[in-house]
Amino acid sequence: MKRKNTLEEQIDHILEVGKTIDPIKASPFFKEKMMNRLFEEKIKEEKLNFEWFTPKLQLVSLVCIIVLNIAAFTNLNSTSYEESISEFAESYGLAITEETSLFN
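Here this note's numbering is used: the first residue of the sequence shown is 1, the next is one more, and so on.
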């Protein structure tokens, strides 16, 4: 019986403490202000990521890539296929040598 009484007393005490807590007074536009602050920070972070890659820099990069592609294409056309294959085979030791051997 004592246990039930002490348990009920503890519950009553907790409920009384809960009644004494005053509600928090916040401004009516508190939620809107906080949401605006959160979204402003995200927008600023996104702008900072690619701020340095301006349209002028994009145009220069595009021109450089086009010039490099043209140079590579002309170099590819100037060399023959057979020369490229033979250079590749020699560099990796795949070329057939015409040396005579005593064991053949």
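Keep in mind that the hints were calculated from the coordinates and are not lab data. Even glycine gets a Cβ: it sits at the ideal position worked out from N, Cα and C. Treat the hints with caution; some may be incorrect.
For each label pair, taking beta carbons as the anchor points, the in silico distance ranges come out as [what the hints assert, rightly or not]:
1. Ile65 / Glu40: 35 to 41 angstroms
2. Phe39 / Ile11: 42 to 48 angstroms
3. Ser91 / Leu38: 57 to 63 angstroms
As a list, the in silico SDA-like pairs of lysine to any residue whose alpha-carbon atoms are at most 20 angstroms apart [stated by the list, open to error]:
4. Lys25 / Met35
5. Lys19 / Glu8
6. Lys56 / Val67
7. Lys19 / Met35
8. Lys56 / Ile66
9. Lys25 / Leu7
10. Lys56 / Phe39
Take a quick look at whether Lys56 and Phe39 sit within 20 angstroms of each other, Cα to Cα.
violated, 29 angstroms
Hinted pair, alpha-carbon criterion (20 angstroms max): Lys56, Val67. Please report holds or violated.
holds, 17 angstroms
Please work out if Lys56 and Ile66 have their alpha carbons no farther apart than 20 angstroms.
holds, 16 angstroms
Straight-line Cα separation of Lys19 and Met35 no greater than 20 angstroms?
violated, 31 angstroms
Is the hinted range of 35 to 41 angstroms satisfied by the C-beta distance from Ile65 to Glu40?
holds, 36 angstroms
Quickly compare the C-alpha distance for Lys19 and Glu8 to 20 angstroms and report which way the hint goes.
Holds. Lys19 to Glu8 sits at ~17 angstroms (cutoff 20 angstroms).
Range first: 57 to 63 angstroms. Now tell me if the beta carbons of Ser91 and Leu38 are that far apart.
Roughly 59 angstroms apart at Cβ, these two residues keep to the hinted range, so it holds.
Can you tell me whether the CB distance of Phe39 to Ile11 sits inside 42 to 48 angstroms?
holds, 44 angstroms
What's the verdict on Lys25 and Met35, does the C-alpha distance respect the 20 angstroms limit or exceed it?
Answer holds: Lys25 to Met35 is near 18 angstroms, not above 20 angstroms.
For Lys25 and Leu7, compute the direct alpha-carbon distance and say whether it is at most 20 angstroms.
Roughly 33 angstroms separates the two Cα atoms, so the pair is violated.
Of the hints listed earlier, those the structure fails to meet are numbers 7, 9 and 10, in rising order.
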